[in-house]
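There are 2 protein chains.
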Amino acid sequence: MSLHSEILEQPTCLERLLVSQRKTVEQIVQAIQMDDIQFAFLAARGTSDNAGRYANYLWGAMNSLPMALATPSLFTYYHQPPRLKQALVIGISQSGQSPDIISVLTEGKRQGNPTLAITNTPCSPLAEVADFVLNIQAGPELAVAATKTYTAELMAIAMLSAAMSGKADRWKELAQVAGWVNAVLELDETISQAAQRYRYMQQCVVLGRGYNYATAFEWALKLKELTYVAAEPYSSADFQHGPVAMVAKGFPVLAIAPRGYVLDSMLKILAYLKDELLAELVIIADNPEALDMAQVPLSIPTHIPEWLTPLVSIVPAQLFSYHLTLAKGYDPDKPRSISKVTETR
Amino acid sequence: MSLHSEILEQPTCLERLLVSQRKTVEQIVQAIQMDDIQFAFLAARGTSDNAGRYANYLWGAMNSLPMALATPSLFTYYHQPPRLKQALVIGISQSGQSPDIISVLTEGKRQGNPTLAITNTPCSPLAEVADFVLNIQAGPELAVAATKTYTAELMAIAMLSAAMSGKADRWKELAQVAGWVNAVLELDETISQAAQRYRYMQQCVVLGRGYNYATAFEWALKLKELTYVAAEPYSSADFQHGPVAMVAKGFPVLAIAPRGYVLDSMLKILAYLKDELLAELVIIADNPEALDMAQVPLSIPTHIPEWLTPLVSIVPAQLFSYHLTLAKGYDPDKPRSISKVTETR
Chain A
381 MSLHSEILEQ PTCLERLLVS QRKTVEQIVQ AIQMDDIQFA FLAARGTSDN
431 AGRYANYLWG AMNSLPMALA TPSLFTYYHQ PPRLKQALVI GISQSGQSPD
481 IISVLTEGKR QGNPTLAITN TPCSPLAEVA DFVLNIQAGP ELAVAATKTY
531 TAELMAIAML SAAMSGKADR WKELAQVAGW VNAVLELDET ISQAAQRYRY
581 MQQCVVLGRG YNYATAFEWA LKLKELTYVA AEPYSSADFQ HGPVAMVAKG
631 FPVLAIAPRG YVLDSMLKIL AYLKDELLAE LVIIADNPEA LDMAQVPLSI
681 PTHIPEWLTP LVSIVPAQLF SYHLTLAKGY DPDKPRSISK VTETR
Chain B
381 MSLHSEILEQ PTCLERLLVS QRKTVEQIVQ AIQMDDIQFA FLAARGTSDN
431 AGRYANYLWG AMNSLPMALA TPSLFTYYHQ PPRLKQALVI GISQSGQSPD
481 IISVLTEGKR QGNPTLAITN TPCSPLAEVA DFVLNIQAGP ELAVAATKTY
531 TAELMAIAML SAAMSGKADR WKELAQVAGW VNAVLELDET ISQAAQRYRY
581 MQQCVVLGRG YNYATAFEWA LKLKELTYVA AEPYSSADFQ HGPVAMVAKG
631 FPVLAIAPRG YVLDSMLKIL AYLKDELLAE LVIIADNPEA LDMAQVPLSI
681 PTHIPEWLTP LVSIVPAQLF SYHLTLAKGY DPDKPRSISK VTETR
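Quick mapping for you: the protein sequence lines, in order, are chains A and B.
In our numbering, each number is its position in the first sequence, counted from 1, plus 380.
In our numbering, each number is its position in the second sequence, counted from 1, plus 380.
Just to be clear, a hint being listed does not mean it is correct.
In this list, chains with the same sequence are indistinguishable; a pair is considered to hold if it fits within one copy or across any two.
To be verified - Mimicking DSS-like on lysine-lysine, the simulated pairs with C-alpha atoms at most 30 Å apart in a straight line are: (1) Lys714 <-> Lys629; (2) Lys654 <-> Lys720; (3) Lys547 <-> Lys714; (4) Lys714 <-> Lys648; (5) Lys489 <-> Lys465; (6) Lys720 <-> Lys489; (7) Lys552 <-> Lys654; (8) Lys547 <-> Lys403; (9) Lys489 <-> Lys403; (10) Lys629 <-> Lys720; (11) Lys552 <-> Lys403; (12) Lys552 <-> Lys629; (13) Lys552 <-> Lys708.
What the hints contain is simulated information worked out from the structure, not anything from laboratory work.
Quick caveat, the model's predicted, so the values are computed rather than measured.
Given the sequences, and given the hints that come with them, work out the whole structure.
Have a look at this one:
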């Protein structure tokens, strides 16, 4: 069962990446000369795009670096790419194969910008075109639904942030991530039982905010890929600007609500969903305020620094998605209609 | 019935905005000194955020201006906003009330950037904080679900693009938009009948690409707000990176596929959805290739320049959403749980 074993492999992958690539990351950051960069311009699809959402928040908050998410069709179909003056152009792709992501880096290079590939395939076309390559070293990922390459991409992004900040403390915090993930993996059996309740769920929303906006998107994507549930992700703020109208009594809302700057805002919307709209809540959190509100609470270790919670909080979401797939009678290693490498233009 | 009458009002609103604000738009663009700007930094929520998606593609393709979509929580909760050097900071909001959008402009101003508010409420807090205000002049919008302010925001964005380009042809094309929208409104009765078929639809996806990526998001939002259908929007490329797994026989896929650079890519995915996955298709288009594939084709006038198709193609989507709301027995003027002005931080 490759999906399940790849989920379990994550602590090993994260530790390996941190130890073996720290020097490379620091060299890349030094070589890029960040003082000349006004913004990051990032291209990615699917799971890697969700990793990009983490970079958007993390680099914005920790490194003051604004980010523009690329619109690949302007490069591939319209042939009218924007000017990228003073941009750091980044592509994230497990396979390094998708022509649209490659075309963004090719254009970035043509315009004279520094280009960086974050990939699990350092001999790929994407890596070949980039000035700098960060190999996430997750090892072959056989399952169609990405898990260990997602957390490895997050780790790569967090390492780049630590290197840009120049703060030694950040690296010490990063060294604890593998242990926290290990602790979450012990919930495997508990989550397997909890997932049974959603055997007949057909749709849901997934809420996260700030750093865990990315987690909401990735949890929703795993559910769509594996369980075929129409799971739509939102920031808790965007959700209130219209989509909350969907929620009737019993409507399932999945949420990620660890301690941190945005917890108060998450607690407020969760309380409204529970008390006023009578929604069903599945909540990943490290604090009793959020966990006590859930029909199904999924707890992660306490005292994780907020910026690293996405690397840990996605793991119970992966296990939940995996076990729900089995509960629904689908094959987690053979999702219908999709394949490991998707080449889009 | 205010929602329906506001949909019908759109040609008048668009014409008024174009005629009365052209000079203001040209003055704003001149005053901003675009040569000093490396990227646009845009904050918006809900319907206005979808208008922002149009700006992302249009200004990128037509005006070479890259865009970063703001992450408001970095401003409101984290208090760690990114540096915005050489950015044009823009807020789009019908009401001009939402504190998160205001805080992005306040910070942009603090950092010394030019700031622009696009709003229907020129006496709002958002307008007060901005250096430049573009009043979309749509008149009071009473329905909770935004329609005429959406197309007016698109028009404002298109006018800014025309002014930045300095090309007279663009203004001539803009002058035809109201007429095209008028032509689509004649389909009101046809669309009312077509919507009956989806009385029991509970979930769907909405596909668009390039300029009409925004249309897919806005159609999905109207469906969620009014009909409570779990409607998830995608670019056709993102959709293939995982979510397509949801599609089983009869799964409803709504799509916008007018002529233009991305039509071939849309036709390819639509043919796959129809022939291989046996999906149900509702398609808004101006060409027989796309329309012939649909169980329910919704046609818009031919020969609309691609960059202006979003201003026209959303109109049948609005009518579809409105009539489906009635078919499902809901009140289009009183969607549950949401109100006209949503104030989030």
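Now the hints, each set against the structure:
1. Taking the shortest alpha-carbon separations for lysine 714 and lysine 629, only the inter-copy value of 18 Å comes in at or below 30 Å, while the best intra-copy value is 34 Å.
2. With identical chains, the CA atoms of lysine 654 and lysine 720 are at most 30 Å apart between copies only, with a shortest distance of 22 Å across copies and 38 Å within one.
3. Taking CA atoms no more than 30 Å apart as the test, lysine 547 paired with lysine 714 passes in neither setting, with 43 Å inside one copy and 53 Å between copies.
4. Taking CA atoms no more than 30 Å apart as the test, lysine 714 paired with lysine 648 passes between copies only; the shortest distance there is 24 Å, against 39 Å inside one copy.
5. Taking CA atoms no more than 30 Å apart as the test, lysine 489 paired with lysine 465 passes in both settings, with 11 Å inside one copy and 22 Å between copies.
6. Taking CA atoms no more than 30 Å apart as the test, lysine 720 paired with lysine 489 passes inside one copy only; the shortest distance there is 28 Å, against 46 Å between copies.
7. Taking CA atoms no more than 30 Å apart as the test, lysine 552 paired with lysine 654 passes in neither setting, with 38 Å inside one copy and 52 Å between copies.
8. For a Cα distance limit of 30 Å, the shortest separation of lysine 547 from lysine 403 inside one copy, 14 Å, qualifies, whereas the shortest one across copies, 51 Å, does not.
9. In this assembly of identical chains, lysine 489 and lysine 403 lie within 30 Å of each other by CA distance solely inside one copy; the values are 24 Å within and 38 Å between copies.
10. Only between protomers do lysine 629 and lysine 720 lie at most 30 Å apart by alpha-carbon distance; the minimum there is 22 Å, versus 37 Å within a single protomer.
11. Only within a single protomer do lysine 552 and lysine 403 lie at most 30 Å apart by alpha-carbon distance; the minimum there is 15 Å, versus 57 Å between protomers.
12. Taking CA atoms no more than 30 Å apart as the test, lysine 552 paired with lysine 629 passes in neither setting, with 45 Å inside one copy and 51 Å between copies.
13. For the homomeric pair lysine 552 and lysine 708, neither the shortest alpha-carbon distance inside one copy (41 Å) nor that between copies (56 Å) is at most 30 Å.
Taken one by one, the earlier hints fail for this structure at numbers 3, 7, 12, 13, listed in ascending order.
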